[in-house]
Structures are given as structure tokens and as C-alpha cells.
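Visitor: Working from the sequences, and respecting the hints, build out all of it.
Taken in order, these protein sequences are the chains called W and C.
For the first sequence, this note's numbering assigns the number 1 to the initial residue and increments by one for each residue that follows.
For the second sequence, this note's numbering assigns the number 497 to the initial residue and increments by one for each residue that follows.
Check the hints yourself; a few may be wrong.
25 Å max Cα-Cα, derived SDA-like pairs, lysine to any residue [as the list claims (entries may be wrong)]:
no., chain 1, residue 1, chain 2, residue 2
1, W, 266, C, 546
2, W, 90, C, 517
3, W, 266, C, 553
4, W, 90, C, 715
5, W, 386, W, 51
6, W, 90, C, 611
7, W, 309, C, 624
8, W, 266, C, 556
9, W, 90, C, 711
10, W, 90, C, 615
11, W, 90, C, 735
12, W, 90, C, 513
13, W, 90, C, 708
14, W, 90, C, 712
15, W, 386, W, 80
16, W, 408, W, 194
17, W, 90, C, 705
18, W, 266, C, 554
19, W, 309, C, 619
20, W, 90, C, 520
21, W, 266, C, 557
22, W, 309, C, 513
23, W, 417, W, 202
Derived by calculation from the structure, the hints in this document are not laboratory data.
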Amino acid sequence: MRARYRTLAGCLALLLVAVLAGLRSGMARAWVETSGAGRPVELRVWDWWSPSGNEEYGAYFAEVERLFEERHPEVDVILQIVPFGNYVQKLATAMVGQTPPDVFQSSVYWAEGFYQRGMLRPLDDLLQQAGADTGGMRLAEEIFLPPAWRHNHTPEGVVFGIPQIIDAQCLIWNLDLLQRAAAEDAEIRGMFPLLADGSPDYERLRFDAVQDWEHFRRIVRKLTTYRPDGSVDQAGFVINAYSGGAGMFPPWLAANGGRFQDEEGKRALFANPGGAEALEFMARLYWEDRVCPPFRRQIADAEVFEGGKVACMAAGTWSGKDIIRDTLGWKHFAKTAFPPGPRGTGQKTLTWGNMLVISQRCEHLEAAWEYVRLVCSLEGNLLRLKHLGYNGPRLDLYQTPQWQEAVKARPYLSNIKQICLAGDKLRHTEIIATDHQANPVFETLLLRYPDIAAGNGPYPSVQAALEEAARNVDQVYRRYHEQAGRWLEQRAGAVQ
Amino acid sequence: MKKSLAPYLYIAPAFAAALVFSLVSMGISLWASLHHFDAFAGAAGYAGLDNYRRALGEADSHFWLALGHTALYVVLSAAGVLLTALPLALVCQRVRWGQALFRTLYFLPSITPGVVLALVFYHLFGVWGNLLDDRRTALPALALMGVWAGAGYNMVLFLAGLTEIPQHLYDAARVDGAGPWQQFWHITLPMLRNTLVFVVVMTIIGAFQVFTSVYIMTSGGPERSTEVITYTIFLNAFAVAGQMGYASAVAWLLFGVVAVFVFIQMRLFRSRKVYDE
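Guide: What follows is the structure in C-alpha cells.
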């Protein structure tokens, strides 16, 4: 009898769970249907710009969605935010589950690989159809800054993405500290452009404010002060030796006339005297010139820079907005490219353009392409400028009064176009895997440079260490191309 | 017939779940380890034992390095757990009042998400002398966090084991003139054998699978000093194109290592009756 009651109770509990689960999914479905009432087309869009990190992203996406849905009443835009760190894993899961987004932002980190796997739809036919577009709606190579149109197509010219942003690595300078030093130092004063009356304009820096590495070294030395115990109080520059920080080697390499990889992504090109010079330059700034705060994993470069105790850091052109947010409105900083090394010519950096792509399995191609057109149009660029303070990949953006106004309000934007234009192509083949092979070596070189220079380190020389890193990176490239060959065979087999 | 079928019906749902979510996925990963496999594109040809050969023998493989780090982490964790959880349990057992409170306090880290613990310790280690910045201290620091996180849980297991030991054994030992150390050595430890084996085996299996702290706190650095096997697996599976097969092979090699370890342990500490009731 008792057992029967137990069985009955168990069945009732199961029933309750089933009913609740049904109700819940029903409610979820009802919510979706209500939110997109009367809109037969659901366009799923993925991005990693999260309103949880910065509410301005929320305002930006809300306006894009509102504009798009006003113009396309049949489409319900469903925006899904996926964190950058999990983007690839989530995308893989969505792909395997046959529910990929229709449109998504792709970093240059993954775009080449996504296309070679057959995940992205080539856009040439759509671009051709849109060939009659004029003005701010036109999407064509000549409309964009040249460095933005480098990562979005194959060597044969097949376009698989439309540039949504343009970013570059750059040097960011604390103008408060520079202005203070400029009062007594003509060399630092010379970094500022002159106003009409001949006085320095302390709101911005000349694009070529730093002439070469020696000049950079002198300036950051002058900007460094020490405590009585000899430790660095105010640092001229900051280098983070750990993991991602070690990845700041490539722009210095570019400034010294070097490249990280070849165009085809088959060979590492950094293991040469130019590469060794770049790494030694970074290591010496820390160990010999003593212009940096101590290497600390837990403290990001941006953190010490924003604390006002560092005069210069290497970062991305996008980071202006983050600095303003973190410092509650401080805008007195400026950006320059990297000065040339002994083998380099002119100011240099690395530039890339993340892009909007359309999934090969996109269910609503027309709506997806319209969305891409809006976001990548001049109007889309202006929306990003308005809400996020970002520059954009389109040339016509820089002719608009809105851009002129933005530069006036935020003078740190003034060099940004030139910086982006000065950039070589950011490495593009298997970036995370190559980082995993190369960064620990760069890390060791930076952390243990004195031992290595004295011949007591884990590598006989900087050059030898770079050669080992390059050998391992070459293995990554070899495997990647073998794999890409298999994907090609697979796709050819599928077509037959 | 009815009687003999009933137990199987009871375990059937759990077995079905294990079959689908563990055994089938393990089978798929074994199959993937024998193929060139990509998370997005699926299998692209049979690879035979190439993935295993690469892990064990190629110059740029970090398998042995990662295995060495993992083994060191396992040793530090197992020793740390034994040296903290058992004394804690012994002390806690003697507490006259508030034992439940102490048990709860020590157990709290076990129910705190690993990511939260990792973030807290990431900053704590920065304050306590930059332990994560040096290749010589980073791995022991991670093990220290692992021990702290696991001590409470294992303490509860030891406490349960201690309450099972009949009081009359201690009474008899005291009558015979045994001191606290002799009681511990000749009664407590032998009587805790089964708990001890369970705790050590589970700690070792858990330590072999350490991932969250490495992923959050060090990313395998500095200078690869905290690169452990699971981190290598994760990177290759999800961050390197087309290397899911290789990652699966490394995962199976890890499985082999853990299985051998556990088998040896079980043989060494084979349970046997140590007293007559």
C-alpha cells in the first residue's frame, strides 16, 4: 500500500515537472512570437560587442535594429551577444547543431579559417548586384581604407566579408604627463603640433611625433621618474611580458621593416636580425633603460596607464572609448603609430578590419545582405561614431561634418586615420595557435633577457629563441594547410 | 523473475543517461582521435595513429611537458589534501560545540564555482608576492588553491570515516596505555583505509583534470610552466583549426595515464577487513 502511494507520488512529481517544463517553453515561444509579431522573417545576428561591458553598445544595437526593422517591416532582427572568448566554440556548436547565425561579426582571427572550411557565403554576386548603389550605400573596395580591405577576401579575390570596423595597434600617450614635461624640455615640446600663434597644441600629438626608436627611448627615459629606493615611480612606457602582452612584439617588428608571416600563411618571417632587434629593443627598455613598471601578470597595461603613472602604452586604436569609460571622462591622451626602427621606414603599425559575414547556411539571404549593407554603409559608420566614438573603415566617413565634430570633441581621434593607413596587414593565419607557439618564447625572452644576453639563459641567443618559435609556428602553418586541403577535397566531393 | 528485474529497472535511467552522455561521447572522441577532425567541419579523412604518434613523438608536441606539469600538480594536490583534510577532520571531530558550523565553513569552497575561486585567488596571489609571475612558483600556487578548495570536501569524507570507527577500540587502546599518536597510527589510520583510498583516488583523478584555474589564472604561463594536459586538449580542440582529432588523442592518452595510476593504487590499497566486528 505504502509502495503504491510512493509510486503515485513519484508519477505526480514527474507530471508536474513535465507540465512546468511545457509551460516554460510555451511562455518562451509566446514571448518570441509577441516580440516579433507580424514579422515572418527572423534574422539572427551574432556579435561580441556586449552591452554588459559597455551600455553604449546596447544603445548602438538598439538603433541599428530599430532602423532596420522600420525599413524592413517583415524582418525581426534577433541579436545574440556571444563573448569574444567563447565565440569560436559557440559558433562551432551552432554549426554542428545546424543553427548558425545568419549574419555575424567575424574577427580577422577566424575569418580566413571560416571561409576555407566553407562556412561563409562568398559575397561577390551580391556586391555585383549592388554595383548601382551610390553615395553612402555603396559597398566596393575603393570605398574603404585600403587596410580594411585586406582580410576579407581570398588571394584569388573572392570576397567573404564586408569591413565593419578598422583597427590598428598604436602608442597611446598621456598628454598630462607630456605637457608637464614639455614645459622644460624642448624635445618633448616638439612632439606637439603648433597652433596658429606658434604655441604648442597640447590637445594632440603630431603623427610623426616620435622619429625613431632612439628618439622614443630618449623620450620615455625623460618621462620616467624614480623613488628614493630606485624603483620606478612614474614610468615612461609599459610592457606586459605575459601572454597577450608578449604579443606586442609584431608591431615593433613591423616598425623595423619585418613581417610575422608571409602572405600565404605558410612561413614565419620573424626569425631574422630585424626580429631580434625588435625584441631586444623591447627587453632593453625594461631591463637596461628601466623605463617600465615591474612585469606583473595581474596588472594590465591599461590599468597602470589609466592610473596616470605611465606616459605611454601600446594598445589598439579602439581603446579610446574604454579609457574614457574607466577614467570617468578623462580624454587628455593621444595616439601615434610606432616609430621606425633601424631597418624600418616611416611610422608603422599593424591594421585589420573585422567584418560582417553571411553564413553559408543563412536562411534569409536577402534580409542578411540588407543588414550588412546598413551596418557597413556610411550611415552605419556614423551610428558607430555617434554611439561608440569609433572611427570606421569607409573613406567617406572622414569627410563628414560629424567626423570633424567628433575630432574636435575628442582630439585623440585626430591621428587615427593616418595610423590605420600606416599599418601592414595583421597576421591572419591561425593566430591563436601561432600565439600559443610563439608567445611563450617571447615571454621567456622578455622575462629572462639579462640571462640570455649573458649566455646563461634557456636559449643561447635571442636569434636562436626566435628560430625555435618560427620552427614551431611553421608546423602550425603546415598542419593548417594540410587541413585546408582536406576541406577543399571534402567540398569538391560534396559538389560532385 | 520480477524481483531480479526490478533493480535493473531502477538503474536503467541513470545507465541510459551515462550511456548517452558519457559512453557514446567517449566513443565519438575515440573515433575522432583516429581522424583528422575539425569542430566545425567534422571528419576529413582517416588518420590512423598519427595523432597519437604526434603527441608522443613530434618536436613541437607539448604532451610530455604538460604531462610532467600535470604529474607535479597531482603530487602537490594529493599531498596537500592529505596533510590538510585529515588533520582538519581530526580537530573538527573533537570540537565540542559548533561542529556543524565549522563543517559548513570548511565545506563552502567546495560549493563555490571554480571560476569564482580562480578569480579571487588570481588577485590574492598578486598581493601575496606575485606567485603567478614566476615559473618556479606558479604551479605550486595553483596547487595551493586546489588544496584549499578541496580540503573541506575531503574533510567531510574523513569525518564520516572517523565516526564509523568503534569507540571501544580507542577505549581498549587507552586501557593498554596507548598514547594519542599510537592510537592514531594503529587504530585511526588503518580504520580509515577505505576512506583514504577513496579520497586519494578521487583527488588524483580530479588533479589530473585540473583546467579552470589554469585557464583563468595563467593561460599555461609563465613560460609554459603551468601548461597542463587538459589545457593542451582545450587549446587544440577549440582554438586550432582541424585539431579536434589530435586533442581527442591527447585526451585518450590522459585517460590511459589516469587509468594506470588508479589501477596501481587500487592494487596497492586493496580493501580488506581490518578488524572483526
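Visitor: Taking the hints in turn, state whether each one holds.
Guide: The hints, checked one at a time:
no.	hint	in the structure
1	266(W) <-> 546(C)	22 Å, holds
2	90(W) <-> 517(C)	19 Å, holds
3	266(W) <-> 553(C)	23 Å, holds
4	90(W) <-> 715(C)	20 Å, holds
5	386(W) <-> 51(W)	16 Å, holds
6	90(W) <-> 611(C)	19 Å, holds
7	309(W) <-> 624(C)	22 Å, holds
8	266(W) <-> 556(C)	17 Å, holds
9	90(W) <-> 711(C)	17 Å, holds
10	90(W) <-> 615(C)	23 Å, holds
11	90(W) <-> 735(C)	12 Å, holds
12	90(W) <-> 513(C)	24 Å, holds
13	90(W) <-> 708(C)	18 Å, holds
14	90(W) <-> 712(C)	18 Å, holds
15	386(W) <-> 80(W)	22 Å, holds
16	408(W) <-> 194(W)	16 Å, holds
17	90(W) <-> 705(C)	22 Å, holds
18	266(W) <-> 554(C)	19 Å, holds
19	309(W) <-> 619(C)	21 Å, holds
20	90(W) <-> 520(C)	21 Å, holds
21	266(W) <-> 557(C)	19 Å, holds
22	309(W) <-> 513(C)	57 Å, violated
23	417(W) <-> 202(W)	20 Å, holds
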